[in-house]
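Participant: Protein chains in written order, with our numbering: chain E, 1 to 286; chain D, 287 to 611; chain Z, 612 to 860; chain A, 861 to 1225; chain C, 1226 to 1462.
Don't take every hint at face value.
[Unchecked claim] Once the Cα atoms are required to be at most 25 Å apart in a straight line, the calculated BS3-like pairs of lysine-lysine come out as:
id: 1; chain 1: D; residue 1: Lys322; chain 2: A; residue 2: Lys1203
id: 2; chain 1: Z; residue 1: Lys749; chain 2: D; residue 2: Lys298
id: 3; chain 1: E; residue 1: Lys177; chain 2: C; residue 2: Lys1298
id: 4; chain 1: A; residue 1: Lys1173; chain 2: A; residue 2: Lys1158
id: 5; chain 1: A; residue 1: Lys1173; chain 2: A; residue 2: Lys1205
id: 6; chain 1: A; residue 1: Lys888; chain 2: D; residue 2: Lys576
id: 7; chain 1: A; residue 1: Lys1203; chain 2: A; residue 2: Lys1157
id: 8; chain 1: A; residue 1: Lys865; chain 2: A; residue 2: Lys970
id: 9; chain 1: D; residue 1: Lys441; chain 2: A; residue 2: Lys970
id: 10; chain 1: D; residue 1: Lys607; chain 2: Z; residue 2: Lys665
id: 11; chain 1: D; residue 1: Lys298; chain 2: Z; residue 2: Lys619
id: 12; chain 1: A; residue 1: Lys1052; chain 2: E; residue 2: Lys137
id: 13; chain 1: D; residue 1: Lys576; chain 2: A; residue 2: Lys902
id: 14; chain 1: A; residue 1: Lys1203; chain 2: A; residue 2: Lys1084
id: 15; chain 1: A; residue 1: Lys1127; chain 2: D; residue 2: Lys447
id: 16; chain 1: A; residue 1: Lys951; chain 2: D; residue 2: Lys447
id: 17; chain 1: Z; residue 1: Lys665; chain 2: D; residue 2: Lys298
id: 18; chain 1: A; residue 1: Lys1158; chain 2: A; residue 2: Lys1127
id: 19; chain 1: A; residue 1: Lys1022; chain 2: D; residue 2: Lys322
id: 20; chain 1: A; residue 1: Lys862; chain 2: D; residue 2: Lys322
id: 21; chain 1: E; residue 1: Lys137; chain 2: A; residue 2: Lys862
id: 22; chain 1: A; residue 1: Lys865; chain 2: A; residue 2: Lys1052
id: 23; chain 1: Z; residue 1: Lys753; chain 2: E; residue 2: Lys177
id: 24; chain 1: D; residue 1: Lys576; chain 2: D; residue 2: Lys447
id: 25; chain 1: A; residue 1: Lys902; chain 2: A; residue 2: Lys1158
id: 26; chain 1: D; residue 1: Lys441; chain 2: A; residue 2: Lys951
id: 27; chain 1: A; residue 1: Lys1205; chain 2: A; residue 2: Lys902
id: 28; chain 1: A; residue 1: Lys1157; chain 2: A; residue 2: Lys1173
id: 29; chain 1: A; residue 1: Lys1173; chain 2: A; residue 2: Lys865
id: 30; chain 1: D; residue 1: Lys576; chain 2: A; residue 2: Lys1102
id: 31; chain 1: A; residue 1: Lys1084; chain 2: A; residue 2: Lys994
id: 32; chain 1: A; residue 1: Lys951; chain 2: A; residue 2: Lys998
id: 33; chain 1: A; residue 1: Lys970; chain 2: A; residue 2: Lys1166
id: 34; chain 1: Z; residue 1: Lys749; chain 2: D; residue 2: Lys607
id: 35; chain 1: D; residue 1: Lys447; chain 2: A; residue 2: Lys902
id: 36; chain 1: A; residue 1: Lys1084; chain 2: E; residue 2: Lys137
id: 37; chain 1: Z; residue 1: Lys665; chain 2: E; residue 2: Lys285
[Said to hold, decoys possible] Computed from the model, here is a short list of chain D residues facing chain Z with C-beta under 10 Å:
id: 38; residue: Trp294
id: 39; residue: Val306
id: 40; residue: Thr423
Please keep in mind that the hints were generated in silico from the structure rather than gathered at the bench. In this text, a Cβ means the ideal position worked out from N, Cα and C, and glycines have one as well.
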Amino acid sequence: MSQLLAVMFDGVAFGMLLFLISVGLSVTLGMMNFTNLAHGAFAMVGGYVTFALASLAGWPFLATLPVAFLATMAIAAVFERLLFRYIYETGELNQVLFTIGFVFTASATAAYVFGTVHQSVDMPAVLTGFIELGEIKLPSYRLFLVAIALVITVGVVYGLEHTRFGAMVRASVDNQKVARGLGLNVNRIFALTFALGSGLAGLGGALAIEVLGLDPSFGFHILVLVLIVVALGGLGSVWGSFVAALCLGVFDVGGKYFVPELGSFLIYLFMVALLFFRPQGLFGKR
Amino acid sequence: MSTDPHLWLRHKARVSPYEVAFWIAALIVPYVLLPKYLALASQIAIMATFCISLDLILGYAGIISLGHAAFFGIGAYAAGILSARGWGEPLSGLLFAAVVAGLAGWIIGFMIVRVQHLALLMITLGLSFLAVEVANTFDGLTGGADGLLGIDTWKLFGIWKFSIWGHTSYAYALGVSFLIFLLCRRLVHSPFGLTLEAIRENPQRTTAIGVANRRHLQWVFTLSSSIAGIAGAMLAQTTKTVSLESLGFQNSAEIAVMLILGGTGRLYGAIVGTIIFMVARDQLSGMNPKYWYFWIGILLMMVVLFMPRGILGAMQRLAAKMSRS
Amino acid sequence: MNALETRKLDKSFGNLVVAQDISLALPAGARHALIGPNGAGKTTLINLITGALKPDAGEIFLGGHEISGLPGNARAKRGLGRTFQINTLFVSLTPLESVALAVCERLAVTGKWLASLARRRDAIDEAFDLLSRLGLAKDCTKPTRDLPYGQQRLLEIALALAGRPSVLLLDEPAAGVPTSESTALFDAIAALPEAISVLFIEHDMNIVFTFASRITVLVQGRVLTEGPPDEIARSPEVRAVYLGGAKHG
Amino acid sequence: QKTVKIGVTNVYSGQFADPGAQLDAGIKLYMQLHGDTVAGAKIQIIRRDVGGIAPPVAKRLAEELVVRERVDILAGNLLTPNALAVAGVSKDAEKFTVVMNAATPIITTKSPYMVRTSLTTSQLNHHFGEWVAKQGVKNVYTMVTNYGPGTSSGKSFEDAFKKKGGKVVGADKTPVVNPDFSPFVQRVAEAKPEALYVWVPGGTQPPALGKALAERGVTPANTKIFGQGELTDDAALEAMGKVALGIITAYHYNVHRDTPLNTRFVKAYRAANNGRDPDIYSIGGYDGMHLIYEVLKKTGGNTSGKAMIEAAKGMSWESPRGMMSIDPRTRDVVQTVWIREVKMKDGKPANIIIDHIDNAKDPDL
Amino acid sequence: MAEPLLSLRGVSAGYAESVVLNDINLDISEGSGLAVLGRNGVGKSTLIETVMGFTRLVSGSIHWRGRDITRLKPHQRAAQGIGWIPQERCVFPTLTVEENLNVVARPGSLTAARVYEIFPRLAERRQNRGSQLSGGEQQMLAIGRTLMTNPSLLLLDEPLEGLAPIVIEELGQSIAHMSGDEGMTLVLVEQHAELALEMTREAVIIERGRIVHRAPAAELRADHDTLDRYIGLNLGE
Ligand SMILES: Nc1ncnc2c1ncn2[C@@H]1O[C@H](COP(=O)(O)OP(=O)(O)OP(=O)(O)O)[C@@H](O)[C@H]1O
Ligand SMILES: Nc1ncnc2c1ncn2[C@@H]1O[C@H](COP(=O)(O)OP(=O)(O)OP(=O)(O)O)[C@@H](O)[C@H]1O
Ligand SMILES: [Mg+2]
Ligand SMILES: [Mg+2]
C-alpha cells in the first residue's frame, strides 16, 4: 500500500515537473496560438540564468528563480519586438521553421558560451533529502515542485485565463484584424503574453535542471514532452495542461512501475489514444 | 486578361523551360562540374524525394505530419532487411519497400484521416516514436540501436557497382527521383490533385459537393508513405546502412524544415528546400563543425522573415515582378 | 413520392432544443421557403438534412429512399445540393477550379490521379458556362479570396448547382447580393428544370413572397405554421414573431 | 614537406556534442603535447560533424573525406552505428581507421583496416561479471538502458555472472530518454535483492539515477550496487553524496589514478580545457592519436592501409589509463579493467581502485 | 459650418497590388448619417476599411475632428471613437457572447445590458461561444460588440444582412435613437437601398472606386432613374 502511495506521489511529482516546463508553452501556443517550438530555448535561457547565478556567482538556488523568470521575460520581450512579432500572422508552418531556427541559434550560442558539458546546480539543504510520512519517504525537491506548480496554476488560471486580458488574447488570436479594428492593441497584448509565457518557460527550465540536467540541447530535449502536455491539455486551457501533466505523470510512472517492459511506449501510447478519441485535448477551447 | 478557361488551366500545368533546364542541370552539374560531391548529390536527390512525399500530404492535402520519417524508415528497413537476408537487387528492393511502406501508410491512414491540426501533428509524432521503439524492441530483425548490419546492394542492372565514388548512386537516385517527380507532377495537375487542395481549403464544402474526403486523404497518404518508403530504401541501398534514427523525430522534423524552407504545395519547393538545406549544412559544418547550426538557425529565421512563402515562393514573386515590368 | 421528406426530426444542443418533431415534405419541383426568427433552427434543419449534423431522432428521405444513415458526401452524391449561410469556399482556389472540381465530382473523376485536369474539356466548359450564367466569368481565374463578398455569394450557388442536384437547399443565398442581382439570381433558380425541388431560407420577404409557392415558418425549433404565401402573410402569429410591422406585407 | 591528413568523423552538435567535444579535446591535447609533425610528415586534422546517430551521414562524410579531401587516415567514430557505417568506407577505400570511442564489439570485424583504442562493452562487463561472482555475490537484479550499449553490457555481465554460478533475480530495461527513474528504483527497492547491477549512459542519467537510488534508500548499506564507471562519475558522486559510499564499478580509465603519466595528462588536459577533467572519451581520442603517431613512426610515414594496420597489430604502450595494446588477431584493444569502490578520500567520496584485471580482452572476439 | 467629424481628402487606396478607390473626397459631419450605395465589388467595403486603416493608402489623407489620422493604426482609430462592423461579421468564435461584448468594451452609455435590450436573443445565448451562434445571432453580436466601444462614428458594412424583418425594424429604431438622441454618426453600407436611405440623411453612390453621385437621402429615394442606373434597382415595378 505504502509503495503504491509512493509511486503515486512520484507520478504526481513527475507530472508537476512536466507541467512546470510546459506551462509557458500552454500560454504561447495554447493561448496565443503561436506554434512556439522556441519554448525550449527560453526554458534553456532560464536554466542558464539560474546556473550562472547559482554555480558561477554563488547565489542561493531559491534566489535565482525569480531572476530566471524575469530575465527570461526581458530577453523574450526584446526578441519579441525584434523578431517574433513579425511572424504571428505567417501561418503555423512558418512559425515552425522560424522557431526551430531560433532554437538552433540559441543552442549554438549556449554551447559557445557555456560549453557542451551537462551542468547542474547545488541545492540548498532543505531541498535535498526527504520528508518521512509514516512509511513513505517524500523527496523534498519533488514536494517543492508540487507546491510551485500549484501556485503557478492558480496564478495563471485566475490571473490570465479567466480575466478580461485572457479574453483579449483569445480575441486577438481568433481574428487579429477585427480585434484591431475594435480597438484592441494586439501588438501589446501579444508582446505581454509572449513575454509572460517565455518567463514561465524560463522558470520551468530553472526548476528542471535538478531533474533533467542542463546542456545546450536542452531546448530540443524537452520539446516533445512539452508538446505532448499542451496537446493533451487542449489549446487555450492552462488548467487543461495542468490536468494533462498530472495524468501523464501518474500514468507514465505507474505504467513503468507495473509494466516496465512497456516503459518507453507508455507516454506515446497514452497520447495517441487520447488524442484520437479527443482531438481537442482534455479541455481544448480551439 | 485572358479568361479562356482552357488556356488558363493548360498554362498552369505547362512544362516551363526552367523546369527542363533544372533537370538537365541536375544531371550534368554533379557529374561534370562537381564529381567530388556525388555522394552529397545522391543524398540530396534521395531526401528531395522524401520531401516531395511530404509535400503531397502537407502542401497539397493539408495533412501536417511530424512523423513522416516513420515511413521513410520502414522503407529503409524493408529494403535493408531484404538485402541483409540475401536479396540485394536494388530495383526489386525499392518495389518491396514501396509496398511495405505503402501498406503501413494505408493502415495508419485510417487513423490519420480522422484528426486535424495539433492532434494530427502530435499523433503522427507519437506514432513515429512508437515506430522507433518497435524497431528497437525487435532488434533481432532490425539490429536495434547498432543499426542493421549486412546490407549488400547488388550491381544496378547487374552492371554498375555502387562504389564510394558515387557515380552509380547518383544516377540511381536521380533517375528514381525524377520518375517519382513526374508521377507527382501528374498527380497535382489531375482532378485528384485539385480535390486534395480543395479538401485542405475547406473539407466542409467538399463534403457538400459529394467528395469522400477521407477516402481521398487516405489514398494520398498511402501513396505518399510509399514514396517516402522508396526514398528510405534508396538511402539504405546506397549507404548500406539503416539505423533507428531513420524512423525518428529528428528526421521527420528536418524534412519538414526543408519543405517549408523551399515552400509548400509546389513540388519544386521540396526540391529547392532540400538542396539549399543540405548544401548549407554541408558547407557550414565543413567550415565550422562545432557551431555550424548557429548559421543554419539564422538562415531559417531569415527565410521566414523575408520570404514567408519559402524560397521558391519568393523566386516566383520576383519572376512575376520582372516579367511585368 | 416526395423529392425530400423529413419525419419527426429532433435535435438539441445541451438543453437548447433547435429542432423538434419537424416533418417536412417537398414534392418534386417545389419552391419552398423556410422562414423564422434568428436562431429558430433553420440552418440547423439544413445541416440535419445534409448530414452535417446528426439528428437525435427522426428520419430523412430523398426521392423515397432513406438517407438518414448516410454520410454527408453520399447524400450529396444522391442529388442533395446546398449552399452555406456563411461563405464556405475554397479561398485560395479560383472560382473556375472550384466549380470544375464540383463538376468533376459529379462526373466521378476526382479519384483520377494520373489524368490531366486541363484535358477534362467537358468539365471545364460546363464550369465556365455556369460561372458565365451567374456573371462570374470575368474574374474566374482570380483567387476566390480576392473577390468581393457579393461575388463570393454567387460562387456559393454555382458550387451547389454544379452538382446538378435534384433537391437544392439554399441558406440565405441572396444575403450580400444586391437586390437587383438577387432577383436575377432567383430568376436563374426559377429557371432550373421543373423537376428540381428547392428549399430556401431567406429573410428578404420580397424575395420570399415572389418565389415561394409554399412557406414553412419555424420558431424555436418547431414548425409554427405552413401554407401558401398569402396565407402566411396574413397570419397575425407570423407577424408577431417574425414579420413585425407592415413593411414587407 | 609531406602532410598526413586525418579525417575525423565525430559528433560536435546535438545531444552527443559533449562526449564528442571531450574526444576532440583528447585529440587536440595529444597533438599539443607531441607536436604536429611525425615521421617527417605534418599532421592535419579535418573534422566533420555527423550531428548525432546518423550512419548515412557518417558514411557520406567518410566517403567525402576520402574522395574530396583525400585523407590518409579515418578517425573519431564516437557512436557505434556511425562507426559501422564508416567501417564500410574504411574497407572499400583501404584506409587505416581508428575507432576512438564506439564500444560495440563487432565494429572492428567490419573492416580489416580498423583498430580501436577505447573499450568494448563486453570487455568491461564480462570480466566484471566474473569478478562479482568471485566475491561471493549469489544473486543480482539488473537494470540497464534499453538500447544497444546497455543491453549488450547487461548481457555480458549476466552471462559471465551466471556462468560462475550467480543468479539473476530480476531484470528491468529503462527507456533511453528517461527523465524519471523512480518507478524502476521502486521496483528494485521492493525486490530487496542482494545486489543491483546498473548500466546507464554517461551525461545526465547517472546523477539522476544516483538521486533516485538515494531517495528510495537503495544504497550499498543494504544492497550491493555494481555498475560501469559512468555510474559514479564526479557529477553523479556529487549528486549522491555519502550514500554512494560502497558502490563498485568497473572502468578502463580513472581520472584520479595516481601515476606520474596520468597526473601529467590530467594536469595538461585541465589547463587546456578550462579546468575540465578528462574522461573516457578524452582518453580514447588521446590514445587513438598516440597509436596513429606510433604507427606512422613505424611505417616511416607510409600511410597505406595495409602498412599501417600491420604496424598497429600487437603494438603496446603505457597510457594514462595503464598498460594497453592492440590484439594482433582482432585489432581490438587489450587493457586493464579497474575495479573501483566509492570511498572517502580527502573528505569527499571518490572512486578508489580495489582490484584490477590485466590484459583483459573482449571475450567474444 | 462646423468642422466635419471625418473627412477624406483625395483618398486613393487598395490592396497589395490593386488600387480600388480613386480620389475619394468625403466630409461627414457630426450627428449626420451617410448611406454608401453601389453594386457588388465597387469598393464600398474598401472605403470603410480605408477609414479604419486596413488598406494600403496610395495617396490622400484622412482627418478626424480636424486631426490628421492618416498614420494612426487601426486600434488607435478605434480608440478615437470610430466603430466598425465588418461585413463578414467575424465574431470571435472561441469567446462566449458575453466575452465578445466585454472584451472590447469602453466606458460610455452603451453597456452589455443595453445591447441585450436591443437584442434580447443575445441575452438568451449569453454563454454560447461565437462559433455556436446562428447566422443572424452572429450579426446581432457583431453589431452589439461594436456598440460596446461607445463609438461616435459607426461604420456599418451591410449590417442588416441575415436579420429577421422584425429585428431589422427594431434595430432600425435603435439606430435612429442612437443617431438622433445620442448624437452618434452613421455610415451605412447597404444593398437594401430603400432601407438605408430611410435611416440616413445623405447618400453617396460608388461606382468602380469613385463617388459618382451624392444627394440628400430623401431626394435620392425619389430619384428612381439614378438608383436604376447605378444600382439596378427596379423600383418602378
Ligand atoms: N483582400 C483583397 N485583396 C485584393 N483585392 C481585393 C481584396 N478585397 C477586395 N478586393 C477587390 O477590391 C474590389 C472592391 O471590393 P469591396 O469588397 O470593397 O467591394 P464591395 O463594394 O464592398 O462589394 P460587396 O457589395 O460585394 O461587399 C473588388 O474588385 C475586389 O476584388
Ligand atoms: N454548436 C452549437 N452549440 C450550441 N448551440 C448552437 C450550436 N449551433 C447552433 N446553436 C444554436 O442553435 C440555434 C439555432 O441555430 P440556427 O443556425 O439553426 O438558426 P437559424 O434559424 O438559421 O437562424 P438565422 O436566421 O439567424 O441564421 C441558435 O440559437 C444557435 O445559437
Ligand atoms: Mg441560419
Ligand atoms: Mg463589401
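Participant: Can the restraint linking A/Lys1084 and A/Lys994 be considered satisfied, given a maximum Cα separation of 25 Å?
Facilitator: Roughly 14 Å between the alpha carbons, so the hint for A/Lys1084 and A/Lys994 holds.
Participant: CA of A/Lys1205 to CA of A/Lys902, is that 25 Å or under?
Facilitator: Roughly 44 Å separates the two Cα atoms, so the pair is violated.
Participant: Is it true that the CA of E/Lys137 sits at most 25 Å from the CA of A/Lys862?
Facilitator: violated (67 Å)
Participant: Taking only the CA atoms, is the gap from A/Lys1022 to D/Lys322 under or equal to 25 Å?
Facilitator: Distance ~53 Å between A/Lys1022 and D/Lys322 Cα, so the pair is violated.
Participant: Mind checking the alpha carbons of A/Lys888 and D/Lys576 for me, to see if they're no more than 25 Å apart?
Facilitator: Cα-Cα ~14 Å, so holds.
Participant: Does the structure keep D/Lys576 and A/Lys902 at a Cα separation of 25 Å or less?
Facilitator: holds (24 Å)
Participant: Keeping to a limit of 25 Å between CA atoms, is the pair of Z/Lys665 and D/Lys298 held or broken?
Facilitator: violated (40 Å)
Participant: Hey, D/Lys322 versus A/Lys1203, does the alpha-carbon distance stay inside 25 Å?
Facilitator: violated (56 Å)
Participant: Measure nothing beyond the straight line between the CA atoms of Z/Lys753 and E/Lys177; if it is 25 Å or shorter, mark the hint as holding.
Facilitator: holds (23 Å)
Participant: Assess, step by step, whether the Cα of D/Lys441 is no farther than 25 Å from the Cα of A/Lys951, and give holds or violated.
Facilitator: Cα-Cα ~18 Å, so holds.
Participant: Can you confirm whether the C-alpha distance between Z/Lys749 and D/Lys298 stays at or below 25 Å?
Facilitator: Distance ~18 Å between Z/Lys749 and D/Lys298 Cα, so the pair holds.
Participant: Would the pair A/Lys865 and A/Lys970 pass a check requiring their Cα atoms to be no farther apart than 25 Å?
Facilitator: Given pair A/Lys865, A/Lys970 holds - Cα atoms ~23 Å apart, limit 25 Å.
Checked against the numbered hints above, the structure violates hints 1, 5, 7, 10, 11, 15, 17, 18, 19, 21, 22, 24, 27, 30, 32, 35, 39, 40; every other hint is satisfied.
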